[in-house]
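*Asks:* Sequence:
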Amino acid sequence: MRKIQSDELIVYDVELSEYIQRKMNRIQAEKTGPVLTESDIQKIFQSLNEANITDPDSG
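FYI, the working numbering numbers position 52 of the sequence shown as 52, with every residue one higher than the one before it.
No wet-lab data here; the hints were simulated from the structure.
Only a predicted model underlies this, so the values are computations on that prediction, with no experimental measurement involved.
For each residue, glycine too, the CB sits at the ideal point set by N, CA and C.
Accuracy of the hints is not assured; some may be wrong.
[As the list claims (entries may be wrong)] Simulated DEER-style distance windows between Cβ atoms: (1) 33 to 8: 34 to 40 Å; (2) 13 to 38: 19 to 25 Å; (3) 5 to 33: 39 to 45 Å; (4) 30 to 5: 38 to 44 Å; (5) 38 to 18: 21 to 27 Å; (6) 48 to 6: 17 to 23 Å; (7) 45 to 25: 18 to 24 Å; (8) 6 to 50: 15 to 21 Å; (9) 44 to 10: 16 to 22 Å; (10) 9 to 32: 32 to 38 Å.
Sequences are here, hints too, so could you generate the full structure?
*Replies:* Here's what the structure looks like:
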């Protein structure tokens, strides 16, 4: 793993996907209808895409 010095919270892709999967499993177990609408998914994707750091020199 790369060491990044920052005061900001850094979540790596593997940690994020595992966290999301655990949360989705829990929500699906408690709910009978759809968890997220297509609009919800698009908003989440857009927010993550805008926040994504793609500059390899930033780490």
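*Asks:* Next step is simple, just say for each hint if it's right about the structure.
*Replies:* Comparing the hints with the structure gives:
1. 33 to 8: 34 to 40 Å: holds, 35 Å
2. 13 to 38: 19 to 25 Å: Given about 23 Å between the Cβ atoms, the range holds.
3. 5 to 33: 39 to 45 Å: holds, 44 Å
4. 30 to 5: 38 to 44 Å: holds, 39 Å
5. 38 to 18: 21 to 27 Å: Holds - the Cβ-Cβ distance for residue 38 and residue 18, about 24 Å, lies within 21 to 27 Å.
6. 48 to 6: 17 to 23 Å: Since the Cβ atoms of residue 48 and residue 6 sit about 18 Å apart, the hinted range of 17 to 23 Å holds.
7. 45 to 25: 18 to 24 Å: About 20 Å separates the Cβ atoms of residue 45 and residue 25, which means 18 to 24 Å holds.
8. 6 to 50: 15 to 21 Å: holds, 18 Å
9. 44 to 10: 16 to 22 Å: holds, 19 Å
10. 9 to 32: 32 to 38 Å: Because 33 Å falls inside the window, the suggested range holds.
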